[in-house]
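*Asks:* Both chains are sitting in their own frames, so use the hints and assemble them into the complex.
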Amino acid sequence: MKPERVDLRGVENVDELVERVLQTRLREARELAIGLQVRDKQSLHDFRIACKRLRYALERFQGLEPSLEQIAERLALLQDALGEAHDRDVLLTILPPTMPATERRLQSERSELVERAAALWRELEQMMRALDSHRT
Amino acid sequence: MAVKWLEKTIARERRALERARKRFVAKPNEKRLHDVRTTGRRFRSLLEDVASLAKSARLRRRVKRAAAATDAARDATIILRLLESSVDEGEGALAQPLLERLREQERMATRDACKALTRMRFPS
Numbered sequence: 796m797k798p799e800r801v802d803l804r805g806v807e808n809v810d811e812l813v814e815r816v817l818q819t820r821l822r823e824a825r826e827l828a829i830g831l832q833v834r835d836k837q838s839l840h841d842f843r844i845a846c847k848r849l850r851y852a853l854e855r856f857q858g859l860e861p862s863l864e865q866i867a868e869r870l871a872l873l874q875d876a877l878g879e880a881h882d883r884d885v886l887l888t889i890l891p892p893t894m895p896a897t898e899r900r901l902q903s904e905r906s907e908l909v910e911r912a913a914a915l916w917r918e919l920e921q922m923m924r925a926l927d928s929h930r931t
Numbered sequence: 016m017a018v019k020w021l022e023k024t025i026a027r028e029r030r031a032l033e034r035a036r037k038r039f040v041a042k043p044n045e046k047r048l049h050d051v052r053t054t055g056r057r058f059r060s061l062l063e064d065v066a067s068l069a070k071s072a073r074l075r076r077r078v079k080r081a082a083a084a085t086d087a088a089r090d091a092t093i094i095l096r097l098l099e100s101s102v103d104e105g106e107g108a109l110a111q112p113l114l115e116r117l118r119e120q121e122r123m124a125t126r127d128a129c130k131a132l133t134r135m136r137f138p139s
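So the sequence lines, in the order shown, correspond to chains A and B. Okay, so the first sequence: first residue is 796 according to my numbering, each after it adds one. Okay, so the second sequence: first residue is 16 according to my numbering, each after it adds one.
Hint data in this document are derived by calculation from the structure and do not stem from the laboratory. Keep in mind that this is a model prediction, so the values were computed, not measured. Worth double-checking, as some hints may not be accurate.
[Said to hold, decoys possible] Here are the simulated DSS-like cross-link-like pairs (lysine-lysine), alpha carbons at most 30 Å apart as the crow flies:
| no. | chain 1 | residue 1 | chain 2 | residue 2 |
| --- | --- | --- | --- | --- |
| 1 | A | K797 | B | K79 |
| 2 | A | K797 | B | K23 |
| 3 | B | K79 | A | K836 |
| 4 | A | K797 | B | K19 |
| 5 | B | K70 | A | K797 |
| 6 | B | K79 | B | K19 |
| 7 | A | K797 | B | K46 |
| 8 | B | K130 | A | K797 |
| 9 | B | K70 | B | K37 |
| 10 | B | K79 | B | K130 |
| 11 | B | K42 | B | K130 |
| 12 | A | K797 | A | K836 |
| 13 | B | K79 | B | K37 |
| 14 | B | K70 | B | K19 |
| 15 | B | K46 | A | K836 |
| 16 | B | K37 | A | K797 |
One chain only, chain B, in its complex shape (with noise of 0.2 Å):
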């Protein structure tokens, strides 16, 4: 009964990273970066809890993979984001190399994780 459950959540969740994978690809922004990593997160936490049942570690190693793939845009994204928000009105000339490093960044890693992304799938 409890490996019957396991099959059925894990096929969903996997199937939730798909589409979020699908939708990101299509067309790459904040938003679907975030949402790609979250259900890739949740997928891996499923499957790390769930290991000594589910023999998974194939699986598991890409769908951690793919998060690694995303992981310097989303930090570039919120870095930016971060320091926009933060900076003191005295120091503001003083934070443009930083934030147009950042935005570069930003465009650069948005573009691989991208890249990575078209060739990782995860069908159920």
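Just chain A, same shape as in the assembly (with noise of 0.2 Å):
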């Protein structure tokens, strides 16, 4: 998937161009993240990479503002729920049919993972919004 085109015109200095990368990444994600509700392979990984590349803007950008660092670790778990609920679907898609305990297993951890997801998602959606009112 594409990333949205982060629109830098007329920016002047570091602070405005955080600004708008910021905003537009995290619209994304939120966007994207119905993927949670609809859990299906392709909507996952759609809000996962959304979420990677919210994450990677955060980290570059902590240095200029400490504040981020706190959302950007939180993220580093949601995406590696998020990642490793991934793996689990792509060793489904190839495990042969004679092993059905081993599918269950995998189910099973992959359900988990995602709930973790939400729940980090959850947690994240506050600390963000603490995060804009704190700014504005």
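*Replies:* This is how it looks when you write it as structure tokens:
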């Protein structure tokens, strides 16, 4: 999935650049968070990639704004959970049908990982709202 | 001011990718593969974030190609490790052909990634 283009027209300083990049990447992640409800392979994958882009932006800019560090750390945990769920999706597609017990285990782990990701996202939404209100 | 900061940041991340690439090519292993992929993704993400300010379409495509060259190696490694750790006790023997296939894929894909990254360079 192609990333949304960040409109940097008229940007005069680094603070403005940071703000526009983060706003765009955050909007993208929020739009794709629907994947946590749909829970199919593709929707979760798209959301994971959007989280990855947001996390890289946060980590890049946290030297300029330390308050971003905590959010980036939580986002890394969420991304790990989604990444592990994705790995299980990939393995499930090639697992021989003669291995039902292993399949059940992988399915159950996948569900737990998606649950964990959903809980982390709810937590992150709160942290990001607090950051927004602190800035405005 | 923003452009100057950006030029410095792009140069720094480009150097990081080149260092990771050289390390991987010198001695390909799982850790170095992970490093070269991560630095490449970070760099690509930066270039995408600032595409409207810093024109870098060709460089973006090269970084994307470098990442794509390592995809198969990464996939085989991750899925192999996951399968090794999740096979149910009673199904161990049934998993052997798939484990063998994944080990072979990992070996071949790592060799191909190394070949491809030997040719791609990211000098400053």
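*Asks:* Are the hints correct? Go through all of them and say.
*Replies:* How the hints compare with the structure:
no.: 1; hint: A:K797 x B:K79; verdict: holds, 12 Å
no.: 2; hint: A:K797 x B:K23; verdict: holds, 25 Å
no.: 3; hint: B:K79 x A:K836; verdict: holds, 23 Å
no.: 4; hint: A:K797 x B:K19; verdict: holds, 27 Å
no.: 5; hint: B:K70 x A:K797; verdict: holds, 17 Å
no.: 6; hint: B:K79 x B:K19; verdict: holds, 25 Å
no.: 7; hint: A:K797 x B:K46; verdict: holds, 28 Å
no.: 8; hint: B:K130 x A:K797; verdict: holds, 28 Å
no.: 9; hint: B:K70 x B:K37; verdict: holds, 26 Å
no.: 10; hint: B:K79 x B:K130; verdict: holds, 16 Å
no.: 11; hint: B:K42 x B:K130; verdict: holds, 12 Å
no.: 12; hint: A:K797 x A:K836; verdict: holds, 17 Å
no.: 13; hint: B:K79 x B:K37; verdict: holds, 17 Å
no.: 14; hint: B:K70 x B:K19; verdict: holds, 14 Å
no.: 15; hint: B:K46 x A:K836; verdict: holds, 27 Å
no.: 16; hint: B:K37 x A:K797; verdict: holds, 28 Å
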